[in-house]
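Produce the complete structure using the sequences and hints provided.
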Amino acid sequence: MMEKIDLSRVYGPSDDVVVREIEGEIVIVPLTSGIGDLEDELFTLNETARDIWSRVDGSRPLAAVVRELAAEYDAPEGLIRDDVVGLLQELFDRRMIVEKG
Amino acid sequence: MPARSYVRKVPSSGAVLWGASGPALARLDIELTERCNNDCLHCSVNLPAGNASARTREWPAERWTGLLDDAAGLGCLVVRFTGGEPLLRDDFEPIYLHARKLGLRVMLFTNGTLMTPRLARLLRDVPPLEAVEVSVYGMTKETCETVTRAPGSFAAMRRGLGLLGEYGVPFIVKGAVLPPTRRELDEFEAWAAALPGQAGAPSWAALFDLRSRPDARRSALIAALRIDGEGYVRLARRRGEEVVDEWRDFCGRSGGARGDRLFTCLPSAASAAVDAYGRLQYCLGLRHPDTVYDLAAGSLREAMTDFLPRLREKRSADPAYAERCGRCFLKGLCQQCPAKSWAEHGTLDTPVEYFCGIAHAQAVAAGLLDRGEKAWTVPDGSARAKRRIGS
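Going line by line, the protein sequences match chains A and B. Reading the first sequence from the start, the letters are residues 1 to 101 in our numbering. Reading the second sequence from the start, the letters are residues 1 to 391 in our numbering.
Keep in mind that the hints were calculated from the coordinates and are not lab data. Keep in mind the model is a prediction, meaning the values are calculated, not measured. Please note that the accuracy of each hint is not assured.
Just so you have them, the derived chain B footprint on chain A, three or more residues with Cβ under 8 Å [claimed, not checked]:
1. 7–14
2. 67–73
3. 86–94
Calculated from the model, a selection of chain A residues having no Cβ within reach of chain B, i.e. all distances over 12 Å [claimed, not checked]:
4. 25
5. 34
6. 41
7. 44
8. 49
9. 50
10. 61
11. 63
12. 76
13. 77
14. 78
15. 98
16. 100
17. 101
Cut-off 20 Å, straight-line C-alpha distance, at most; resulting in silico cross-link-like pairs (DMTMM-like, lysine to aspartate or glutamate) [as the list claims (entries may be wrong)]:
18. B:174 - B:189
19. B:9 - A:77
20. B:101 - A:6
21. B:9 - A:90
22. B:101 - A:72
23. B:9 - A:93
24. B:101 - A:74
25. B:9 - A:41
Just so it is clear, CB atoms sit at the ideal spot from N, CA and C, and this is done for glycine as well.
Written out as structure tokens, the structure is:
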């Protein structure tokens, strides 16, 4: 059963990946085995995901991240929440983020 | 999983990450040591494993980790650890881990003889993201140790491969076509294809460079092992007649003659090599003093953004080069380059007869030249090659 992202929980980058910034792109490089489908691939984030990623640092619950982004972009929280949960679920399933604390 | 994907896979080359100008450094080759526990007939980097002088001069781990930090800072994605035998270094493991923790992919070139369960486990748990490349120079103890000249190396290499297989570490075996191994080529390819853990087609080298660190005796030994042009073509045809078609097409697409340009190899545009003592080079084979940058007295950034770009602009002033290489349309086939010229003649731009002969034999096989015809005498060579693309 796949674990679902919970807005009340705190998430942050996994120790199983290395996160680099190259030419303004966030590049996620697998460090330990079993990350991603093919181990010789790198991963980058789309523009929406980059904005979210910088805030998913293990310091606050995801709901706080949603509120911050909604305020910054003056956008409905529901819309922002869909993107945050969508991204976090994808990263979580790939073992690129973990629950912190 | 949402219908929309936020995470994009990019090819491991990372080519899509950079704009038109490309990165300052995409790949760094590091010769961790000049020493090797084998003493292969054809090798150009193999001081004895116990050579104290070399060992003393080798950069310590902290210099390498500092250099790796700088490389990552320049956007480097791949580092290749080679030698000599890189696993001879007691500090290989921390250097390797440092590279991986910086998010670098690691290519490891090894003879496999020093593989241990501990290291195989590490390569499984923190994978290099590239198949480990293992040199295999013989299918029997007798053949292998005739090449390696190191008693016990055959069993040790097989043990090392066994460990990689046992721990599920992808690897690729690489052979060498030498007088002792030539008759084993079929057996080598069949054995390699059936190896558990083998991550791709086995490869073999057939064209060997002379010593880039001058050593007349060893260079003479290597020269005596070399295959001639027709032999090379016969060998290449083992992979099918399409290989010859590729030569013809590649030649037709590789542009005109090189004129007085010395550095024409594209892959090196954003790469560099560093020898065991911290000297940065255009590639591992090019050790001409005018082309070497001492990292102890400078920085990797300066080497990549100033020293190497200026070096790449260097032109030949040798009339023989202008007459032959400068007008030759076989540029895409020929291995002529400053590194080969340095190893053979101690210069950057002297035509190397051996590689010239190999390229001409390929061109004859591909129908680009008549036997005895010299490519640089063909006035419309590039047009001829273009006309024959796909024929």
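| task | If any of the earlier hints don't hold here, list their numbers in rising order. | result | 1, 2, 4, 5, 6, 7, 8, 9, 19, 20, 22 and 24
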